[in-house]
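Kindly generate the complete structure, drawing on both the sequences and the hints.
Going line by line, the protein sequences match chains A, B, C, D, E and F.
The first sequence begins at 3 in our numbering and counts up by one.
The second sequence begins at 3 in our numbering and counts up by one.
The third sequence begins at 3 in our numbering and counts up by one.
The fourth sequence begins at 3 in our numbering and counts up by one.
The fifth sequence begins at 3 in our numbering and counts up by one.
The sixth sequence begins at 3 in our numbering and counts up by one.
Hints may be right or wrong, so weigh each one.
Which copy is meant is left open, so a pair is good if it fits within one copy or across any two.
Derived pair list, reagent style DSS-like, types lysine-lysine, alpha-carbon separation capped at 27 Å [claimed, not checked]:
1. 194 - 230
2. 194 - 4
3. 4 - 143
4. 4 - 230
5. 143 - 194
Hint data in this document are derived by calculation from the structure and do not stem from the laboratory.
All values derive from a computational prediction rather than experimental measurement.
6 protein chains.
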Amino acid sequence: MKNVVVTDPPRADPAIAGALGEHGVSTVHEAQGRTGYLGPQFRPAWSGARVGGTAVTVLCWPGDNLMIHVAVEQCRDGDILVVATNSPSSDGLFGELFATSLRQRGVRGVVLGCGVRDVAELRDLGFPAWSTAVSAQGTVKATAGAINVPITLGGQVIRPGDVIVADDDGVVRVARREAEGVLAAAARRTHKEALSREAFAAGELGLDRYQLRDRLAALGIEYVSYQKYAQAEHDEP
Amino acid sequence: MKNVVVTDPPRADPAIAGALGEHGVSTVHEAQGRTGYLGPQFRPAWSGARVGGTAVTVLCWPGDNLMIHVAVEQCRDGDILVVATNSPSSDGLFGELFATSLRQRGVRGVVLGCGVRDVAELRDLGFPAWSTAVSAQGTVKATAGAINVPITLGGQVIRPGDVIVADDDGVVRVARREAEGVLAAAARRTHKEALSREAFAAGELGLDRYQLRDRLAALGIEYVSYQKYAQAEHDEP
Amino acid sequence: MKNVVVTDPPRADPAIAGALGEHGVSTVHEAQGRTGYLGPQFRPAWSGARVGGTAVTVLCWPGDNLMIHVAVEQCRDGDILVVATNSPSSDGLFGELFATSLRQRGVRGVVLGCGVRDVAELRDLGFPAWSTAVSAQGTVKATAGAINVPITLGGQVIRPGDVIVADDDGVVRVARREAEGVLAAAARRTHKEALSREAFAAGELGLDRYQLRDRLAALGIEYVSYQKYAQAEHDEP
Amino acid sequence: MKNVVVTDPPRADPAIAGALGEHGVSTVHEAQGRTGYLGPQFRPAWSGARVGGTAVTVLCWPGDNLMIHVAVEQCRDGDILVVATNSPSSDGLFGELFATSLRQRGVRGVVLGCGVRDVAELRDLGFPAWSTAVSAQGTVKATAGAINVPITLGGQVIRPGDVIVADDDGVVRVARREAEGVLAAAARRTHKEALSREAFAAGELGLDRYQLRDRLAALGIEYVSYQKYAQAEHDEP
Amino acid sequence: MKNVVVTDPPRADPAIAGALGEHGVSTVHEAQGRTGYLGPQFRPAWSGARVGGTAVTVLCWPGDNLMIHVAVEQCRDGDILVVATNSPSSDGLFGELFATSLRQRGVRGVVLGCGVRDVAELRDLGFPAWSTAVSAQGTVKATAGAINVPITLGGQVIRPGDVIVADDDGVVRVARREAEGVLAAAARRTHKEALSREAFAAGELGLDRYQLRDRLAALGIEYVSYQKYAQAEHDEP
Amino acid sequence: MKNVVVTDPPRADPAIAGALGEHGVSTVHEAQGRTGYLGPQFRPAWSGARVGGTAVTVLCWPGDNLMIHVAVEQCRDGDILVVATNSPSSDGLFGELFATSLRQRGVRGVVLGCGVRDVAELRDLGFPAWSTAVSAQGTVKATAGAINVPITLGGQVIRPGDVIVADDDGVVRVARREAEGVLAAAARRTHKEALSREAFAAGELGLDRYQLRDRLAALGIEYVSYQKYAQAEHDEP
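Here it is in C-alpha cells:
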C-alpha cells in the first residue's frame, strides 16, 4: 500500500452520474452487460435512498479512519465517498460527523467495505450510506493509507472518478469513460422494461414475450400432468 | 434433476391458506408441533407483509431464471411461488417484472432460496418477497430445471400445493393434506395466546400460568441471594 | 453451568441508565474508552428504538426458554433482559407474550444472543428487542440454566445490574460501578460533538479541527497530482 | 416432530452401497444426474476415508443426543448413522464412545448436520465422520426426537435405507430404490473417466474430446491476441 | 481498553495444566460441568497436537501485533499465549518468528481470536497454534493494548494464569483456582469412559448402560414397525 | 462480461515465479509492502504444497465450467490456472480430469474462487489446488465467459501473466512487472528473518531487536504488578 493522496482525478460528469442513479442499481448493472455489481453483502444503513455520484476512493487500515479525514478535503459536489480497508474489518469507520462534513461539500453518499455507525442520525439527516456492517466500534487515527487510488470492493475495481450507483438493491460501479454509453443503454432498458411491465400487467407471459418456448423443447423440458407424475414418482417414507 | 413441468397439482384450499396466513408464521409453526420453519436465513425484502398461499415450486440452475418464466404460466390465484436453486447462489433471480406478471395472475408472494432484486419497486408494488439474499446480480436463461416437483428450502421439503405462510418472522410450510387440521390448531392456539396475553398484561407470571415452579426444583435450580452468591463466587482479575 | 437464580442483585441507578440510553450506543462506547460494544451481529428487531436500562442476565440451554420464564419474576422497573445461550443457537427464545409480561413489569427491552420472534407484534407493541437472529423456531422448557450470573455476549462480560444501552447501532454495556462516570464522560462527548457538528456544517475540516496534518507528514503520506500519478502507475489489462 | 422410532426399514443392498462407496462422491453425484449432494458445509473429521452404507436416520433436538443412544440399537452391519437436528446447532452430539458402540455393530461411519468431537480419537480408531462443525460442546439427554423418519440435510431428503456415500469431497445420497441403477451408471462413468484420463494425460484437449469448439462460436466467444486486446482496453489508474 | 502490562500474575500449577492437557478438551469440558469451551470457530493450524498450559493474555488492536512483542517477555515455561483483538479481525498476527521466541521460553502453544500464518513452518517446528483464521495478512506495530488482563474469546472469560487445554476438538479454559478440582474430575471421567468403552466394545448399549429406556417412555417416544409407519405416512410427490 | 479469449499474454519469467514460490506466501506478501494477499477464505485442498507460477485467468458463470475447458488450451509450462466466477458460487468447477490435462501441459496448480472436487485424487496426484470451497456439485457447459482478462479474487486484481504464489497460508499475487523487484525484496526479507530466527532462538526479544520499548512509553503503556492491579480492579460477580 503506497501512502499517497492523489488530487483532482478526472470525474465522470456529475449530471450523468445523477441520471444513472435515477435508473437504479439493477437497471444499470444490466445495461452494462451484467457487470459492476458489488454483491449482496453491501446493504443500505437505512432503506429508500437511491443515488448516483462520482467516486472518491479511500484505502484505510482496519480499525483506523485517519484517511477518511484526509479524503473529506478531496471531495466535492457530486461525489460519493468509497472506502475499503486493507483487510477484513467490521469496525464503524464512518458516522454522523463525517456525514455532516461531507454534506456540506455536496457529497451524495458513502459506500464502505466495513462498518458504519450513527445509523439513526444518518437516517434523520437523509445522508445515504451502504456498508458491509453496522457497528459502533470506534477507531484510531494511527496508520497511513491512500486516497484516489484504485480499490476493490466486492470483487469490483473502483477507480477515482468512476460512477457509483446505489439503492436498496446494493451498489454498482460504472467505469468513468463508459458512463455516457451506459446511461444511454440504461435509458433504452428502462424504456423496454416499461413496455414489458405494461405487457405483463396485461397478462402476456415472459415465455411468449421473450420467445422461450422453443428453448424449452431444445433443453428437453417435458410437460407432464400431476396424475402421471404422481404415479411414476411415488414417494415412500 | 429431471427436467419436467408438472401441471395442475392439487392445491390446498386457498381460503384455508389465506386464513393460515392471518395467524402468522410463529403461531402456525407451533400449531403443527414446531415443524415446517425454513429458518432464520429467509428474510422479507420489505417488512410488514403477512401472507398465506399455495406453493408452486421451481427448481432453477444457479444464476439462471429460465424456469421462473416457465413457472409463471403454471401459477394461478392464491398461489405463492417458491424457488430453489440446484446449488448455493445469491444471484437476483426475481424482480419487479416477474412481480407484475404474478400479481396479474393473483399470486400472493414469492419465496426464494437465492437473491431478489428491485426491492424498492417490490415495496412500492406491495408484492411480498422472502429470500436468502438481496442481489442485483443478473442471470441467464440457459439451463433447464423443474416445476412442481418437491424441493427443499431451509431443511423443509415443499411439495406443490402445500401451504406457505410468511411474515416478518420468516417462512413456514404446511403440508397440503394437513392444512385444515393445522388451521384448527392455529385457531385454538391464537385463542389460548389471547387469554395468556391478557393474563400477562394483568401481571400473572408464566411460572404460574404454565405451572413451571415444580419443574425448577426437579431440575435442581436453586434460588440464592446476591449477597450469598457474591461471597461464594468472588471474581478476581 | 451452575443452576442458580441470584435474587436482587444491586443495579445501577435506573435514571442514570436511562440518561445513558439517550446518549446512544456509539457515544457511550466512545465515552468509556471504546469498550463494551457487543459487536455488529446484534441487530434491532425493528428500527428506531433507543433505550438504557439495568441488566437482568439469563443463561439458557439452546432451544430452551425455561429460564426466561424464571427471569421474568426477577425483573423490575428499569431493567433490560439479557439472554445468552450455552452454545450457539438461532432459535426464537423470545416473543410477544414475554414482551407483554415484561412491559407490565416496567422492563425497557430485551437483548438476545440467539433468535427473537413475533417481530411484527413487537414493533406494534413498541417493545424493543436486539438479537443475533430472527427466527420463529419454537423451543422446549426442559433444561436448567441460571439467572443473574455473569454472562458473555459478543465478547463482553455482562453482570447483573450493569447498564445496557441499545439503539440502531447495536448494544453496549457499561459496568454498574462505572455508570455515573461514563454518563459524565458521555455528556462531555455529546457536547463536544455538538460543537464539531456545527464546525463541520460550517465547512471546517477534521484535518484542521483534530490537527492531523502534521501526522500525515510524519506517516510519510504524500500528495501527488492525478497527472503525475497516472504517468507513474500506468495499468495494463 | 413426531416422537417415533421406526424399526427395521428396508435397506439398500449393503454390497451395492459399498460398491457405490468405492466410486466416490463426485462420481456417484454425476452418475445420478448431478443430484443428491449435501453441499460443501459437510466436511470429514479426518481426511482420507471413503465409505458407502445404508442410512439409519436420526432427528435430535439441538444440544441433545438422547436419540443417538436410541439409534445405536437400530443400527446393523453396513449402516451409516445420519443425524439431523431440529434447528441449527454446532454442538458436539457424537464422539468416540458412540463410535466404539457403532463399530461393534458393523456401522461404517456417521454423518451429522451438527458438531462432532473426539476428532483425534476417531482418526485413531479409523471411524469416519462427516459433520458441519467440530465442537467439544457437550449435550443433555432430555428431549425426544425420531429414528428412521425422512430427514433433510444440506437440502437433500434422506430416507432410512437410502445409500450414503462419503469421502473427502463430502456426502451424497442415493435413493434406496435407485441404488442398483446408479451403481451401473457410476461404473460406466468410472470407465469413461478412465479413458478420458488417459487421453488427457496424452495431451488431448477437453475442447476436442467433448466437441466444444462449435459451442464457443455459437456463444459468441472471440479469440483475440493480447496486443490487440491491450490496445483496446487500456486501463488507467 | 486500559493500556497496561500486568506482570507476574499467579499461574495454575504447570504440572496440573499439563495433566489436564493429557485428558483433552472434550473430557475437561465435561469434567467441569460442560463449561469453558471456546466454540467450533477455534481450529488447529495443524492437526494432532494436544497441550495444556497457563494463560498469558494479550489484547491487541486489529491488524496490529505490537502487544504480542510485549507479551513474549511476560511468558515463561509452561505458558500458553492467548490473544484477543479489540474487534473482529482475521489478520495473521502470529507466525514462525514469534513461535521461535516463545519456544525458547518454554511456551507450549498459542491461541488466537484472529489469524495465524506460517502454518507449514509451525507444523515443521511442532509449535501448536489454534486460531479463528489462517491468514498471511501482515500487521503494523502502532497501537497500544494490554497484557494479562481478563479477555473474552468465544464467549469465555480468560484470566491470566487460567489453564488452557487445546487439541483437535478446539480449546477449553479452566479457571486457575478450579484447576486441581477439575483435574480430579477429569481423571474420574477418563476412568469411567474407559469402562464404558470396554462395555460398548463388548456390545452393551448406551440405552442400558445409562438407563435411558424409562425416559423414552416418559417422553412419549413410540416404537413402530416400518410397515405400519409406511401405511400411515404415505408420501406423495 | 465480454466473451473473449485473449491469447499469449506476456508472462512473468517462470524462473522468477518459481523462486518467489520458494519464499512462500507470507514472505512475498510482506516483501511487496503487505499487498496482494487473497485473504483467509482461500484454503488448500490438501496441505503441504508450495508453488509459484504465472497466471492464466478465467472468468466463468457460476455452476458452469465451459471456460475452464477453453483455458486449458491457453496454458503452458509454468502457469497457474486462476478461476473466478461472475457471482458467488461454491460449485465444484474443477477436478481430477482437469488436473491431469493441466499437469500434462506443465501447469503448477490451480486457484479457484469457487469449489474444487476430487480432493483425494488431487492429493494422490500431487496437483496443488486452492479454493474457497470443497464441493462435489457438478456443473454445466452452457454459458460464455472470458480468458486472460483481469479478474478479481479476494479483493485482488489478477492480470494474465502475474505471478501467483500459494502455500498453506493461502494465495498472494505479484504484478508481472514487479516480479523481479519483489523477488529481490523477498530474498532480503528471508535473509533478515533467518538472522532474527537465530536471535530469537538464542533468547533475544522482539522488543529489543525491533527497538519497540520507547514506543511503548510513547503510547502510554504502563507496567503494573499483579498485586497492584488486582487491588484496583476487583471484579464482582
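Worksheet item: Which of the stated hints cannot be reconciled with the structure, identified by number in ascending sequence?
Response: 1
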